[in-house]
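If you want the building blocks of each chain, they are given just below.
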Amino acid sequence: MLQRFRENKSMQGTFLALPTTLWLFVLLIIPLFLTLVVSFGQRSPDGDVIFSFGLHNYIRLFGYSTDCPGGQTSCFDPLYVNILWRSLTLAFNTTVCVILLAYPLAYFIARAHPKRRNIFLFMVLIPLWTNFVIRVYAWMMLLRKEGAINIVLGWFANLLGLDFTPLEMLYTPGAVLVGMVYEFLPFMILPIYTSLEKIDNSLYEAAADLGANAFKTLLRVTLPLSMPGVVAGTILVFIPVMGTFIVSDILGGRQVILVGNLIQRQFLDARDPTFGSAASLILMVMTLIVTYFYTRKFGFGEEIVAA
Amino acid sequence: MNPFKRSPLVIAATTLVYFFLYAPIVILVLYSFNASRANVKFEGFITSFSDRVQMDGSFVEASPCGPFHWYCDLSKNNDVIEAAGNTLTIAFTATIVATVIGTMAALALQRYDFKIKPFSQLSLYIPIVIPEIVMGIGILTLFSQSFGWLNQALNLTGDSRLALGIGTVTVSHIAFMVPFVTLVVQARLQGFDKSYEEAAMDLGANEWTTFWRVTFPMILPGVLSGALLAFTLSLDDFVITFFTNGPGSTTLPIYVYGLLRRIITPQVNALSTVWIAIVFIAVLLLQWLQSREAKPSH
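If you're matching them up, the sequences are chains C and R in order. Residue numbers for the first sequence follow the numbering used here, beginning at 1 and rising by one. Residue numbers for the second sequence follow the numbering used here, beginning at 1 and rising by one.
Because the hints were derived from the structure by calculation, they are not lab data. Hints are supplied without guarantee of correctness; some may be wrong.
[To be verified] Below 25 Å or equal to it, Euclidean Cα-Cα: the simulated DSS-like pairs (lysine-lysine) are:
#1 R:194 <-> C:9
#2 C:9 <-> R:115
#3 C:198 <-> C:216
#4 R:115 <-> C:145
#5 R:117 <-> C:9
#6 C:297 <-> C:216
#7 C:115 <-> C:198
#8 R:41 <-> R:117
#9 C:297 <-> C:198
[Stated by the list, open to error] Distance ranges between label pairs, derived from CB positions:
#10 R:115 <-> C:294: 39 to 45 Å
#11 C:81 <-> R:263: 42 to 48 Å
#12 C:36 <-> R:258: 27 to 33 Å
#13 R:199 <-> C:219: 46 to 52 Å
#14 C:213 <-> R:216: 17 to 23 Å
#15 R:118 <-> C:168: 50 to 56 Å
#16 R:8 <-> C:65: 52 to 58 Å
#17 C:168 <-> R:165: 50 to 56 Å
#18 R:8 <-> C:205: 18 to 24 Å
Beta carbons are placed, not taken as given, at the ideal position from N, Cα and C, and that holds for glycine.
Start from the sequences, fold in the hints, and give me the full structure.
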């Protein structure tokens, strides 16, 4: 038996990979399957799951409602469709803002003297590794009425001799966008940096020799060669933004409700896991569709691992 | 042409982005020395010298810890200490398991051919392409359904009932940490020069000795940085922990989140500052490991 194991490479490989594969199968794949099963079920009066088969949760999610004004039996209620659309647009806006902020910084680090690159990268890692919840809290302190931003704005207004009423920034969609951008910025900087760092200097020299100006070099050399980094960064930012609920919870108050908040409430407050499961699967399908078309267009880089 | 020449536009943008990254952290640390208990406005640093009356008439006692009043408060807060203990227990246990099985999987995927290989490799990408909340509620459903069923089938009652707790959090953490360990170690194995191992075999070492004396020392920096990455992922995790924790298994992120929805004293800032300091040291350590990895000493 032992002898056979020593000679059989395939058995050894299976043995080595088995714990991880099993672990992921039980804790990632089975739960996804369970979520699917639960999403077809019904909620019992005390918030448990009654296993049955029906598409009612999905129909409800896409706007079918029986709670209608004027005595109708059914009508269109855009509540949940709006939540899905809001999450999608917020994830899109966040990704665009993050790319615009991350690119110059990544470019700066990649073009810095090799000895100094590590220090600049180190400075990106510190905020990244400071706890997610703590970073949201920091923005809560900055954005509120008596917070640091209003204090600084007040000073400027004072200097210019203007009247200043503190701005209401916390609990607005803008606050959620800023919070999301802040949370996920480092996830874009690192992959873009990785792909920019690979660009050989001789390419820049060749572009210059051939008479390209700085703008043309950026457009024709730097940008195309750094696309794998941007693609990897987009995946690392877009997917988590779609599902995050803390940022909107803390910075958006009750004003900004995203799919993440919807799911969380179904599991904890509303106690309807079947509807929460359906919303969760729709969220997963939405992110997979976007990721699929996006990577098919631009390719799937190895930068995702480098980050 | 100087390759490191930079346009002033890039420098200006970079400065702004760094400012954006660090301003919130600076404010957070500053408020941990706030004299105001309500922590809404910054009312100056705490001084240890005398009691004083605040503008709103409230009375502030002289602090025996001086400006570090909130840090002293923190060290006496049993909830924080318990949460910190839970966080570390979970992170250590999960890191050890994830590092061992993740490294094994990396070796298998990089060096062996076997039937389930494509499936094993593919399952590693699940945590990257699926939002964490989807995984979180899926795992919660798995635990609640199977525990309910098992408790009934095995007739478990009272304390022996299966329930959410430190165990469920740890097991779930391992699930999302393993892929990161495996991918990091796999990357390290890809650039591996096999001639060292062949030399060892030629000199008469068997496979076991070759692995422990040649292969393992060479991939060790990769294993360590994978472990450190996994450890920080566990410390940092909110979503998975949120759905899998039970009574008595509150971790620090969950504890802080709970506070944010209620009353916030500068204690939270003190806690955050301590956390940032620890992260700072951890990142330094990782950078040092990686710089050693970049120039291995043979």
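Taking the earlier hints as the rules, which of them does this structure contradict?
Numbers 4, 8, 10, 11, 14 and 17 - these are the hints that the structure violates, sorted from lowest upward.
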